[in-house]
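Chemist: Order-wise, the sequence lines are chains A and B. Our numbering applies: residue 141 is where the first sequence begins, and numbers increase by one. Our numbering applies: residue 69 is where the second sequence begins, and numbers increase by one.
These are calculated hints, taken from the structure and not from any lab test. Positions of the beta carbon are idealized from the N, C-alpha and C atoms, including for glycine. A few of these clues could be false.
If you anchor each label on the Cβ, the simulated ranges turn out as follows [stated by the list, open to error]: (1) B:R214 with A:A183: 33 to 41 Å; (2) A:D188 with B:E75: 30 to 38 Å; (3) A:P157 with B:R138: 31 to 39 Å; (4) B:S126 with A:D204: 16 to 24 Å; (5) A:R211 with B:D210: 28 to 36 Å; (6) B:V136 with A:E212: 22 to 30 Å; (7) B:E134 with A:G209: 24 to 32 Å; (8) A:A166 with B:T88: 47 to 55 Å; (9) A:D208 with B:S126: 19 to 27 Å; (10) B:D210 with A:A166: 31 to 39 Å; (11) A:E162 with B:F173: 49 to 57 Å; (12) B:M69 with A:A177: 38 to 46 Å; (13) B:T88 with A:T163: 47 to 55 Å; (14) B:G95 with A:D202: 37 to 45 Å.
Which bits of chain A does chain B cover? Going by a derived footprint, with three or more residues having C-beta under 8 Å, they are [stated by the list, open to error]: (15) 141 to 149; (16) 211 to 222.
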Amino acid sequence: MIDVLYFAWVRERIGLPRERVETGAATVAELVEELRAREDRYAAAFADLSALRVAVDQELADFDASLDGAREVAFFPPMTGG
Amino acid sequence: MAVRVQETGFDPGAELNAFTAAASGAGAVVSFTGVVRDLDTGGLDRMEIEHYPGMTESAIAKIEAEAVRRWRLADSLVIHRYGALAAGETIMMVATAAPHRADAFQAAEFLMDYLKSRAPFWKKEVTADGAAWVAARDADEDALSRW
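From just these sequences and the hints, can you work out the full model?
Modeler: Okay, structure coming up:
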């Protein structure tokens, strides 16, 4: 089980801020494929990965990052702080 | 080194005075204050700032640690708000204290550049016509390459 978090328009498009996901995905990219296959709202949110950023256990990561031992994965658009 | 992520407003003048007093002997103090800008056309009802609790604090602490590694800093301060803000309200501030001004200026700019693109905040502009997420600017990402 892994906690998956969504922020900003990713959260709005999917319709929830976080969920627990039962997954055997070895990488972030595999997790994205599993989520995309669920429902249209997930497919829409993950349509263009170049528009998304990912964090694994609260550290920015790449989509090919391993999920071995990961507790939390977050998906969000490029950040706009400051 | 201090990081504060908060919903409540703050007085940047009072914060700067307290920071300067605590950094006595530093020689140079630089500060930046970010303010909610109205739309070019006016009509901003509010700006909503979302963040990633936990990661926000650790990401900013990492950026501060990198600034300390690169420049001779006596102290630094980052305050960033989240929640709903009106035009003219203070969103955030950065302050740096160093023995000499070059370190204080450069570290403050470095902190700002990284806060814009590497701290997990997202801004949404709300008007009477609806709401729109603020898109990240290429220029903000490009700004990181100079460091």
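Chemist: Compare the structure with each hint and give your call.
Modeler: Checked hints:
Between B:R214 and A:A183 the CB atoms are about 38 Å apart, so this pair conforms to the stated range of 33 to 41 Å. For A:D188 and B:E75, the Cβ-Cβ distance of about 32 Å falls inside the hinted range of 30 to 38 Å, so the restraint holds. Remark: the range hint 31 to 39 Å for A:P157 to B:R138 is upheld by a beta-carbon distance near 35 Å. Against the hinted window of 16 to 24 Å, the Cβ-Cβ separation of B:S126 and A:D204 comes to about 23 Å, which satisfies the hint.
Taken as a hint, the range 28 to 36 Å holds for the pair A:R211 and B:D210, whose Cβ atoms sit roughly 34 Å apart. Separated by about 27 Å at the C-beta atoms, B:V136 and A:E212 satisfy the suggested range of 22 to 30 Å. The hinted range of 24 to 32 Å is satisfied by B:E134 and A:G209, whose Cβ atoms lie roughly 26 Å apart. Distance hint check for A:A166 and B:T88: the Cβ-Cβ separation is about 51 Å, which falls inside the suggested range of 47 to 55 Å.
A:D208 and B:S126 have their C-beta atoms about 21 Å apart, which keeps the hinted 19 to 27 Å range intact. One distance hint, 31 to 39 Å for the beta-carbon pair B:D210 and A:A166, holds here, with the actual separation near 34 Å. A C-beta distance of roughly 51 Å is found between A:E162 and B:F173, which places it inside the suggested range of 49 to 57 Å. As the Cβ distance of B:M69 to A:A177 is approximately 45 Å, the hint placing it in 38 to 46 Å holds.
The hinted range of 47 to 55 Å is satisfied by B:T88 and A:T163, whose Cβ atoms lie roughly 51 Å apart. The hinted window of 37 to 45 Å between B:G95 and A:D202 holds, with their beta carbons roughly 42 Å apart. With 4 residues having a beta carbon nearer than 8 Å to a beta carbon of chain B, the region 141 to 149 of chain A meets the requirement of three or more and the stated coverage holds. Residues of the region 211 to 222 of chain A with a Cβ under 8 Å from some Cβ of chain B number 8, which satisfies the need for three, so the listed coverage holds.
Consistency with the previously given hints is maintained throughout, with no hint failing.
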